[in-house]
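Participant: These protein sequences, in sequence, are chains A and B.
Heads up: the first sequence runs through residues 0 to 408, numbered per numbering that gives the first Met the number 0.
Heads up: the second sequence runs through residues 0 to 398, numbered per numbering that gives the first Met the number 0.
Since the hints were derived computationally from the structure, they do not count as laboratory data.
It is possible that part of the hints are untrue.
Under the rule of at most 25 angstroms between Cα atoms (straight-line distance), these lysine-lysine pairs were calculated in the BS3-like manner [unchecked claim]: (1) 384(B) with 256(B); (2) 384(B) with 360(B); (3) 308(A) with 181(A); (4) 23(B) with 243(B); (5) 53(A) with 110(A); (6) 344(B) with 385(A); (7) 385(A) with 350(B); (8) 243(B) with 353(A); (9) 393(B) with 350(B); (10) 344(B) with 355(A); (11) 149(A) with 177(A); (12) 353(A) with 344(B); (13) 149(A) with 213(A); (14) 239(A) with 180(A); (15) 360(B) with 355(A); (16) 50(A) with 110(A); (17) 267(A) with 177(A); (18) 23(B) with 385(A); (19) 177(A) with 213(A); (20) 149(A) with 283(A); (21) 239(A) with 265(A); (22) 50(A) with 181(A); (23) 355(A) with 393(B); (24) 267(A) with 308(A); (25) 256(B) with 353(A); (26) 355(A) with 149(A); (27) 360(B) with 348(A); (28) 350(B) with 348(A); (29) 256(B) with 348(A); (30) 254(A) with 265(A).
So the derived label-pair ranges between C-beta atoms look like this [claimed, not checked]: (31) 238(A) with 13(B): 32 to 40 angstroms; (32) 326(A) with 30(B): 41 to 49 angstroms; (33) 66(B) with 335(A): 43 to 51 angstroms; (34) 385(A) with 328(B): 56 to 64 angstroms; (35) 29(B) with 339(A): 22 to 30 angstroms; (36) 318(A) with 263(B): 22 to 30 angstroms; (37) 263(A) with 10(B): 56 to 64 angstroms.
Yeah, the Cβ is synthetic: ideal placement off N, Cα and C, and Gly gets one too.
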Amino acid sequence: MSLKFFAVAFLATTSFFATAQIDPSLLKRTTSDTLKQIMNMDAIYNRPALKYDKLPVSLGGYVEANYQYLGTDGISEGHQFQFRRLTLFVSSTISKRIKFLSEIEFEPADKEIAIEFAAVDVEFHPLLNLRGGMIVNPIGAFNQNHDGPKWEFIDRPISATQMLPATWSNAGFGLYGKYYKKDWMFGYELYATSGFDNSIIENDQNRTSLPAAKENAERFEENNSGEPLITGKIAVKNTKVGEVGLSYMGGAYNKFQDDGLQLDDKRKVNVFAVDLKTTINKTKTNFIGEWAWVFVDVPETYSQQFGNKQRGGFLDIVQPVLNRTILGWNNSVLNLACRLEYVDYNVGKFTETKEKIADDVWSVMPAISFRPSAQTVFRLNYRIQKQRDLLGNPPANTAGISFGISTYF
Amino acid sequence: MYKRYVLVITFLFLAVIFTVSCEKILPPSPANDELLDGPVEGLTTAQAAQHHAGDVAFNDQVFTRETGLGPIFVATSCGSCHAGDGKGHPFSTLTRFGINDSLGRNEFDNGPQLQNRALPGYMPEQLPPGTPFASFTPPANTGLGFLELVSEDDLLAMAAANTTNPDGVRGHPNWSALPTFVSPNPNSYTQNGRYITRFGKKAATYNLFHQTVQAYNQDIGITSTFNPSDVYSHLDIDPEVSDKIVRDVIFYLQTLKAPIQRNQSDPDVIQGGALFAQVGCESCHKQTLTTGFSPVEALSNKQFHPYTDLLLHDMGPGLDDGLIEGTSKTSEWRTPPLWGLGLSKNSQGGKYFLLHDGRAKSIDEAIQLHGGEAATAKNKFNALKAAERQQLIKYLESL
Numbered sequence: 000m001s002l003k004f005f006a007v008a009f010l011a012t013t014s015f016f017a018t019a020q021i022d023p024s025l026l027k028r029t030t031s032d033t034l035k036q037i038m039n040m041d042a043i044y045n046r047p048a049l050k051y052d053k054l055p056v057s058l059g060g061y062v063e064a065n066y067q068y069l070g071t072d073g074i075s076e077g078h079q080f081q082f083r084r085l086t087l088f089v090s091s092t093i094s095k096r097i098k099f100l101s102e103i104e105f106e107p108a109d110k111e112i113a114i115e116f117a118a119v120d121v122e123f124h125p126l127l128n129l130r131g132g133m134i135v136n137p138i139g140a141f142n143q144n145h146d147g148p149k150w151e152f153i154d155r156p157i158s159a160t161q162m163l164p165a166t167w168s169n170a171g172f173g174l175y176g177k178y179y180k181k182d183w184m185f186g187y188e189l190y191a192t193s194g195f196d197n198s199i200i201e202n203d204q205n206r207t208s209l210p211a212a213k214e215n216a217e218r219f220e221e222n223n224s225g226e227p228l229i230t231g232k233i234a235v236k237n238t239k240v241g242e243v244g245l246s247y248m249g250g251a252y253n254k255f256q257d258d259g260l261q262l263d264d265k266r267k268v269n270v271f272a273v274d275l276k277t278t279i280n281k282t283k284t285n286f287i288g289e290w291a292w293v294f295v296d297v298p299e300t301y302s303q304q305f306g307n308k309q310r311g312g313f314l315d316i317v318q319p320v321l322n323r324t325i326l327g328w329n330n331s332v333l334n335l336a337c338r339l340e341y342v343d344y345n346v347g348k349f350t351e352t353k354e355k356i357a358d359d360v361w362s363v364m365p366a367i368s369f370r371p372s373a374q375t376v377f378r379l380n381y382r383i384q385k386q387r388d389l390l391g392n393p394p395a396n397t398a399g400i401s402f403g404i405s406t407y408f
Numbered sequence: 000m001y002k003r004y005v006l007v008i009t010f011l012f013l014a015v016i017f018t019v020s021c022e023k024i025l026p027p028s029p030a031n032d033e034l035l036d037g038p039v040e041g042l043t044t045a046q047a048a049q050h051h052a053g054d055v056a057f058n059d060q061v062f063t064r065e066t067g068l069g070p071i072f073v074a075t076s077c078g079s080c081h082a083g084d085g086k087g088h089p090f091s092t093l094t095r096f097g098i099n100d101s102l103g104r105n106e107f108d109n110g111p112q113l114q115n116r117a118l119p120g121y122m123p124e125q126l127p128p129g130t131p132f133a134s135f136t137p138p139a140n141t142g143l144g145f146l147e148l149v150s151e152d153d154l155l156a157m158a159a160a161n162t163t164n165p166d167g168v169r170g171h172p173n174w175s176a177l178p179t180f181v182s183p184n185p186n187s188y189t190q191n192g193r194y195i196t197r198f199g200k201k202a203a204t205y206n207l208f209h210q211t212v213q214a215y216n217q218d219i220g221i222t223s224t225f226n227p228s229d230v231y232s233h234l235d236i237d238p239e240v241s242d243k244i245v246r247d248v249i250f251y252l253q254t255l256k257a258p259i260q261r262n263q264s265d266p267d268v269i270q271g272g273a274l275f276a277q278v279g280c281e282s283c284h285k286q287t288l289t290t291g292f293s294p295v296e297a298l299s300n301k302q303f304h305p306y307t308d309l310l311l312h313d314m315g316p317g318l319d320d321g322l323i324e325g326t327s328k329t330s331e332w333r334t335p336p337l338w339g340l341g342l343s344k345n346s347q348g349g350k351y352f353l354l355h356d357g358r359a360k361s362i363d364e365a366i367q368l369h370g371g372e373a374a375t376a377k378n379k380f381n382a383l384k385a386a387e388r389q390q391l392i393k394y395l396e397s398l
């Protein structure tokens, strides 16, 4: 797909609503659901949207742009102005208890147009829903809940994007459901999808990399290993305490057979993640975090440059400090925040020296964010990051500022 | 309304302050003498651009199955073995094996380097039982362009001077047969069809072109127009790296700066330098050499301080691994340059792995493992007082 396609699609979609320019009141804004019975798994549908008259289609999306000035060990690429992405949502209720939502992302820097989510949901019972199509695998918390305007930080978490492959979606089917009683909620998801390929350990990152498999768009047509990638998650939420999720994603990743011939041993990837979200009611301090473990079956004859274990995660702490009318915006919020991140890309010891392999990164990112409305955020981040190579040599020190805006529209 | 103006003006003021102070918030560069990488001073803009292109190819280009890696290999990229252009780690140590005959036959035919790693589905090479072998820890790349430009006349003159060395130092050049892709310089000396070679642990490599093409082929399994032989099939195949990239990498290696000595005014370092000469280390670890002419002005006719004579020396039975390359004996090794020695730990994971195979975990241990022609110098070192030995080691760490 090309940017030309994007332009045509965007113009066609927006021109449909052109009359709304004459009378803006015709275009109704449906805000995201603020009911307490919302869990992380609901992030896909819990987005603001625009609705036109009685048309059974809602349109939404978000946009992200930012400025960065970062440097590593005294060397900077200078002032960078980045248009990260434009994402469009189109959703509709097809009939009673059958709905559809699609999320299409345009990332001009990568010349990429990606369908991140496009699935039909059929509800048989609140505890039994069928979902089929292009599915966002529910591993951890971030992958499903990745919309820029929801976060106080410009960059996505390192562990979610460079260890786990957010945003990671695949063709497939599965079930999900929710049950709630008083303050308690329970949710589950279970999907079988297409999955990874050999690029996990054969890539130009020179390390085990689940995100490298994102490059392979053929996975939407042909599952490399021929075996399903199973993704499952259970989550429990207490409205007064918070939400905890446990998730798993795994399956064979390599093409171990073709045309009836055995080409290689079957090699598996397994990912386990735990995520949490809570708020201290007294101070309104929000915590959201995720920690994941990745296990990859790497051939013993391969280079230890490619590790068979990875681990990492992030913790966001967000403290609202002002919540009132600021510069004429009612109910605007000023937050102080900080993100703590760590990833060990290669957990293990060198065969030769029995000493620990490094290849890790940690980062601290204090931030100020200003939300003139719940759907728009201005963010100012300062990153401090140290990254060590495989051998554990003196780390590369990175620091710098980012300023950006992200908003639903 | 007044409050809003104040807020807007404050915001604009902070934005200006923030922008102006941008550079202050970035982490500082390490001192130039704390780094081994970086270009030699005085490159033209065109030369700097080629150095940068070579830097990217050397440090960032990671080969995969799709781009030619293997299928059997030692490493996936140049930078995997030369972190920060410094010495390597036991993880990236390679294995050379076999004994070439006196005519040098089999020297360049599909080996003699063990391909100890393999892509999924393939098996790596196994060392033939009973075969002599030696492990080679990757050397530092820094200052290679200067070493390449030392004239053969200077090498032969140093070898000639050794014949009367009272400590028994008898260093001599390695004379090696050259692979067909290496064109010797017109004024190179020959001996029975062999040429003076100077790079590598056994000084069996003629120049940086030879070294680079061989490393692509033997270390990563990457064929080029210069050496199209595949290490797995032993057949000529299409080139997997372009001529331009090979030449950019060669230029990058040629134009890496020479390491800069640190703590030069420290009294212990000064005294250590005097002891270095007094003990006789300098018989092999020559402090000062001179380059010949180079079209790269920054390298041409320059004095530099590598602490090597680029000659082979018999290091005694303790370092005899049974491997020969070119006309070297099994116990002979090229004098390794000592420049950058004190920074080795920064590329070796915080520890020293010294000598040809990294067996020495400290400078003192490396000295104690010297034998053969270096035995006299080692004994003189051991005869020093403890404080003097520390001064000498401090001097070596300043290099």
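Participant: Run every hint past the structure and note whether it holds.
Facilitator: Hint check:
Restraint check for residue 384(B) and residue 256(B): not satisfied, since their Cα atoms lie roughly 35 angstroms apart, outside the 25 angstroms limit. About 22 angstroms separates the Cα atoms of residue 384(B) and residue 360(B), which keeps this hinted pair within 25 angstroms; it holds. The hinted pair formed by residue 308(A) and residue 181(A) fails the criterion: a straight-line CA distance of about 40 angstroms is larger than 25 angstroms. In summary, the hint linking residue 23(B) to residue 243(B) is not supported, as the alpha carbons are separated by about 38 angstroms, beyond the 25 angstroms threshold.
At most 25 angstroms may separate the alpha-carbon atoms for a hinted pair to count; residue 53(A) and residue 110(A) exceed this at roughly 35 angstroms. The hinted pair formed by residue 344(B) and residue 385(A) meets the criterion: a straight-line CA distance of about 19 angstroms does not exceed 25 angstroms. Note on residue 385(A) and residue 350(B): the hinted pairing holds, with a Cα-Cα distance of about 20 angstroms set against a maximum of 25 angstroms. Between residue 243(B) and residue 353(A), the direct Cα distance comes to roughly 39 angstroms. Violation of the 25 angstroms bound is thereby established for this hinted pair.
Annotation: proposed proximity of residue 393(B) to residue 350(B) holds, straight-line Cα distance about 16 angstroms (limit 25 angstroms). With a CA separation close to 16 angstroms, the supplied pair residue 344(B) and residue 355(A) stays within the 25 angstroms bound. The hinted pair formed by residue 149(A) and residue 177(A) meets the criterion: a straight-line CA distance of about 23 angstroms does not exceed 25 angstroms. A distance of roughly 17 angstroms separates the Cα atoms of residue 353(A) and residue 344(B); the hinted pair therefore holds under the 25 angstroms criterion.
A hinted pair counts as satisfied when its Cα atoms are at most 25 angstroms apart, and residue 149(A) with residue 213(A) qualifies at roughly 23 angstroms. Among the hinted pairs, residue 239(A) with residue 180(A) is consistent with the structure: their alpha-carbon atoms are about 13 angstroms apart, no more than 25 angstroms. Distance check on the hinted pair: residue 360(B) and residue 355(A) sit about 17 angstroms apart at the alpha-carbon level, within 25 angstroms; holds. A threshold of 25 angstroms between alpha carbons decides the hint, and for residue 50(A) with residue 110(A) the separation of about 30 angstroms lies outside it, so the pair is violated.
Taken as a hint, the residue 267(A) and residue 177(A) pair is broken in the structure, with Cα atoms around 30 angstroms apart against an allowance of 25 angstroms. For the given pair, residue 23(B) sits about 18 angstroms from residue 385(A) by alpha-carbon distance, which is consistent with the 25 angstroms threshold. Straight-line distance between C-alpha atoms of residue 177(A) and residue 213(A) comes to about 30 angstroms, which puts the hinted pair past the 25 angstroms bound. Distance hint between residue 149(A) and residue 283(A) is fulfilled; the C-alpha atoms sit about 16 angstroms from each other, no more than 25 angstroms.
Between residue 239(A) and residue 265(A) the CA atoms are separated by roughly 45 angstroms; this puts the pair beyond 25 angstroms, and the hint is violated. Among the hinted pairs, residue 50(A) with residue 181(A) is inconsistent with the structure: their alpha-carbon atoms are about 32 angstroms apart, more than 25 angstroms. Between residue 355(A) and residue 393(B) the CA atoms are separated by roughly 28 angstroms; this puts the pair beyond 25 angstroms, and the hint is violated. Pair hint residue 267(A) plus residue 308(A) holds up; C-alpha atoms about 12 angstroms apart against a cutoff of 25 angstroms.
For the hint pairing residue 256(B) with residue 353(A), the CA-to-CA distance comes to about 34 angstroms; that exceeds 25 angstroms, so the pair is violated. Restraint check for residue 355(A) and residue 149(A): the C-alpha separation of about 37 angstroms exceeds 25 angstroms, so the hint is violated. For the given pair, residue 360(B) sits about 18 angstroms from residue 348(A) by alpha-carbon distance, which is consistent with the 25 angstroms threshold. For a cut-off of 25 angstroms, the pair hint linking residue 350(B) to residue 348(A) stands: about 15 angstroms separates their Cα positions.
Straight-line distance between C-alpha atoms of residue 256(B) and residue 348(A) comes to about 33 angstroms, which puts the hinted pair past the 25 angstroms bound. About 8 angstroms separates the Cα atoms of residue 254(A) and residue 265(A), which keeps this hinted pair within 25 angstroms; it holds. Look at residue 238(A) against residue 13(B): about 39 angstroms separates their beta carbons, and that is inside 32 to 40 angstroms. Take residue 326(A) and residue 30(B): their Cβ atoms lie about 46 angstroms apart, and the range 41 to 49 angstroms holds.
The hinted window of 43 to 51 angstroms between residue 66(B) and residue 335(A) holds, with their beta carbons roughly 46 angstroms apart. Look at residue 385(A) against residue 328(B): about 47 angstroms separates their beta carbons, and that is not inside 56 to 64 angstroms. In this structure, residue 29(B) and residue 339(A) meet the distance hint of 22 to 30 angstroms, their C-beta atoms being roughly 26 angstroms apart. The supplied range of 22 to 30 angstroms is broken by residue 318(A) and residue 263(B), whose beta-carbon atoms lie about 51 angstroms from each other.
Under the hint 56 to 64 angstroms, the C-beta atoms of residue 263(A) and residue 10(B), about 59 angstroms apart, fit the expected range.
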